[in-house]
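For reference, the chains in residue letters:
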Amino acid sequence: MSPLLSLKGVDKSFGALKVADQITFDLPAGQALGIIGPNGAGKSTLFNLIGGALTPTAGTVQFDGRDVTALPASARCHLGAARSFQIPHPFVGMTVFENLLVASSFGNAGHRDQRAACKEILERTGLIHRANRPAGTLTLLERKRLELSRALATGPRLLMLDEIAGGLTEGECLALVDTIKAIRDSGVTIIWIEHIVHALLAVVERLIVIDFGKIVAEGDPKAVMADPLVQEIYMGISVDDAAA
Amino acid sequence: MVWINAVLQGVLLGGLYALFAAGLSLMFGVMRFVNIAHGDFIVVGAYLILTFVISWGLNPIIGVALVLILMAAAGYLNQRFVLNRVLGKDILPPILVTFGLSIIVQNGLLELFSADSRKLPTGTWETSSLALTDQIAVGLLPFLMFLTAVGVIAAMQFVFYRSALGRMLRATSDDPEIVPLMGGNNARIFAIATALASLVVGIAGIWLAMKTNFDPAAGPARLLFAFEAVIIGGLGNIWGTLLGGIILGVAQTVGAQIDAGYQILAGHLVFLLLLVLRPKGLLPKVSH
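Residue numbers (my numbering), protein chains in the order written: chain A, 3 to 246; chain B, -16 to 271.
Keep in mind that the hints were calculated from the coordinates and are not lab data.
Take these hints with a grain of salt, some might be off.
[Unchecked claim] Pairwise CB distance ranges (calculated): (1) B:N169 x A:L142: 38 to 46 Å; (2) A:A72 x B:N42: 16 to 24 Å; (3) A:R135 x B:V65: 33 to 41 Å; (4) B:N169 x A:T57: 12 to 20 Å; (5) B:D158 x A:G168: 48 to 56 Å; (6) B:A56 x A:P40: 53 to 61 Å; (7) A:G42 x B:R68: 49 to 57 Å; (8) A:L142 x B:I(-13): 19 to 27 Å.
[What the hints assert, rightly or not] Residues of chain A clear of chain B, computed beta-carbon distances all greater than 12 Å: (9) S106; (10) R152; (11) P158; (12) R208.
[Unchecked claim] Here are some, though not all, of the chain A residues that point toward chain B, as calculated from beta-carbon distances under 8 Å: (13) R85; (14) I89; (15) G95; (16) D229.
We put the beta carbon where it would ideally sit given N, CA and C, even for glycine.
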């Protein structure tokens, strides 16, 4: 079976600055992949390249066996690639439920029972008690949950989560991890960028480490985290210190 | 009694102003887009109905349907192929482009229809009236016009706040940068919004043709009344636009009752007064 998402030799440069350098990986359907790396390593750029907000300078992006390199974000969303943002952008003038309905109308047009589907998503993400509140009145955790719910309402097969656990308390973070696990178990393929590594490791089956736009380590999360090179880049522990 | 009558006639006239303003209110609400050619498009609607019904002798119902279809289609195409190109953070380019359209439309109409003042005769509707008391009567035409305005405003309110299309319009108005990432297409949503607004402009044009004399240069004054009604009511509030139209209409008829020469001036003075006292309008933007 072909992978749901496949990147081959993806480069992205802004002038002399290379923000993605020969990124190549396959993501099988149903897998949960974590991406870590220092600030400015090019993680969010990678999402922009996969989601279609940016077009690569070189290389190809395939989604579900189809070359989507030239497609705009809206078309990729219709194919089933949805994204939640690091900084939540709800439609503040609308209620939580309307936010989901509109995402469903835009991204998942022709869905038969839109209202029931949106209600079910809100139940899964724990926002159902806020359904009729204006989105502008939500707390940070609730906004993050709304961001997640709205991405789900477009009916994605691939869900990209960008630092969704950032800024949450420990308890909130654990609750969110349970929600994301449930989404993963429902069969949605997930790519998750996160700085809060323990939250990430609770969900993902595979980990990619990015530094200076390059994949520097990849594989089983525990093995990757134990890699001295990753510890040096990511944790700021030098290889010499670790050896001493 | 003459004063009660003046107020009543003003309310009915306000319906016409609300119709002028409704399309403008919708375009501004969704796209933050000021259409300087709005009044001229209303006049185009008026000339279209005149052409279909008088020159071509079509059945009025078919004529009305044709005007509405043509106006909506023209609005869609205009937005898709002209106005979308200048939409952006800078508000000046759309104003310049619609200002140019306004000049083109006025001169085009002048070329086609001459500068003569025209009116669409409405036969017995013109003279029929409903007697409320033995001293006060409302004309059938103004009454129907007011009902149309209330109907149009109610329909716009429903579409905007209760339908899937309205949610998409409001979401795009709220954050046009996020919508494409959810699979939406801003250019298409804006074009649909303009098509709806142009449909309402068509209705306004038909009533303009039936209610008053018009000529190719009548647009800018209609635009002014429309702006005043929108601002009195509160930007982005659809029912507020009806209220704004009514206040403007009442100010004009009461002014005319004082002295026939004060009609237009009284409307502008009330607008100015309200702008000073309530700069955000009487009904500032509410969600529902």
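D229 (chain A) was flagged as interface toward chain B. Is the shortest Cβ-Cβ separation under 8 Å?
violated (34 Å)
Is the distance from the Cβ of N169 (chain B) to the Cβ of L142 (chain A) consistent with 38 to 46 Å?
Roughly 28 Å apart at Cβ, these two residues miss the hinted range, so it is violated.
If you check the beta carbons of D158 (chain B) and G168 (chain A), does the distance land in 48 to 56 Å?
With Cβ atoms ~21 Å apart, the hint is violated.
Are all C-beta atoms of chain B more than 12 Å from that of R208 (chain A)?
holds (25 Å)
Can you tell me whether the CB distance of R135 (chain A) to V65 (chain B) sits inside 33 to 41 Å?
holds (40 Å)
Against chain B, does R152 (chain A) keep a CB gap of more than 12 Å to every residue?
Violated, since 7 Å does not exceed 12 Å.
Does the Cβ pair N169 (chain B), T57 (chain A) satisfy 12 to 20 Å?
holds (18 Å)
For P158 (chain A), is the shortest CB-to-CB distance to chain B above 12 Å, so the non-interface label stands?
violated (10 Å)
Check the following: the C-beta atoms of L142 (chain A) and I(-13) (chain B) are separated by a distance inside 19 to 27 Å.
Violated: the Cβ-Cβ distance is about 57 Å, outside 19 to 27 Å.
With a cut-off of 8 Å on the beta carbons, see whether G95 (chain A) makes it to chain B.
Because about 5 Å separates G95 (chain A) from the closest Cβ in chain B, which is inside the 8 Å limit, the hint holds.
In this structure, is the beta-carbon distance linking A56 (chain B) and P40 (chain A) contained in 53 to 61 Å?
At roughly 54 Å between Cβ atoms, P40 (chain A) and A56 (chain B) fall inside 53 to 61 Å, so the hint holds.
R68 (chain B) and G42 (chain A) - C-beta distance against the hinted 49 to 57 Å:
violated (35 Å)
Of the numbered hints listed earlier, those contradicted by the structure are 1, 2, 5, 7, 8, 9, 10, 11, 14 and 16.
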